Amino acid sequence: MGSQHTQALPLRVAILGCDHNIPKPLEKYKSYAAICATLLDAGAKAVGLAEGDLEVSLWNVVDEVGRFPDLEDVDAVFLTGSKYDSFASTPWITALVSFVQTVLAHPRVKLVGVCFGHQIIARAMGAKVGRNVSKGWEVSVTDVDLTTQGQNYFFKKEGKDDDILRILQMHQDIVFEYPTGVQALGSTERCRVQGMLVPGKVVTVQGHPEFTEEILTEILRTRHEQGIFGDEAYQEAMARVGKKHDGLLVGKRFIEFLLDR
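Residues in the sequence shown are numbered consecutively from -19, following my numbering.
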């Protein structure tokens, strides 16, 4: 599994929106897929791509079950986060897992996943995914302990030897073990599988590099009001939500990965 080609421009990325309801105060962002598109746009600018060098298409795989991009028309598929369970047997989720397996078998098209997307890709590769019953939610800006591969992937080009990736988190489901053939990028005390890399084919992170302080603050507030987070957990998460994080760096690395740089 892997790719040895040099990516031609424009880089064509299909973003599969795996959720559709965002809190009303965030409606200016339109959708979670659009938020991910903003991350890729920022990453493209950071690596020096010109206007028009990145072509993004947005897909609603929750409501339009079984409708996916033609792989001959794209260079990469990006799976967003979601409030839904990556381990569920809901028709749209099982269809998505099957599609990801098709992409994995494709000789050219790459895969990128964040949070739910990371979990779906791992599931398609044969790993167990499910609820983190013993350790619960992992939220807000979190320090991820990087492996040697993770340090090289995220920081080597920056001329740094940092072994911590700081990333926004919002999940209670996890990948329990690394699929065969992937490089482990990092871990936390609550979640051992924080990122996966198959050079030339797959890159994922459990966190949300596409989120901003504003976005995560609103999600935390909404879930606190819904009773998902108690007062203590909410206040602890809010104390960290404004901390500096590496979201843009992750977006930059995603674009470089897709460009074979």
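If you are wondering where the hints come from, they were derived from the structure by calculation, not from laboratory data. Some hints here could point you the wrong way.
[What the hints assert, rightly or not] Derived lysine to aspartate or glutamate pairs resembling DMTMM-like cross-links, with alpha carbons at most 25 Å apart:
1) K224 - E212
2) K10 - D21
3) K25 - E35
[What the hints assert, rightly or not] Across the chosen pairs, the derived CB separations fall in these ranges:
4) V45 - D143: 34 to 44 Å
5) S37 - Q81: 12 to 22 Å
6) D211 - E44: 21 to 31 Å
7) P(-10) - Q81: 24 to 34 Å
8) Q215 - E236: 34 to 44 Å
9) N40 - E194: 32 to 42 Å
10) Q215 - E7: 25 to 35 Å
11) E194 - Q152: 46 to 56 Å
12) Q206 - T18: 34 to 44 Å
13) Q152 - N40: 20 to 30 Å
14) A22 - T(-14): 21 to 31 Å
15) G207 - E52: 16 to 26 Å
16) T70 - S114: 17 to 27 Å
17) K136 - G207: 42 to 52 Å
Predicted model only: the values in this text are computed from it and were never measured. Where a beta carbon is used, it is the ideal one built from N, C-alpha and C, also for glycine.
Could you tell me which of the numbered hints above are not met by this structure, giving the numbers in increasing order? Of the numbered hints given earlier, those the structure breaks are 6, 9, 11, 12 and 15, listed in rising order.
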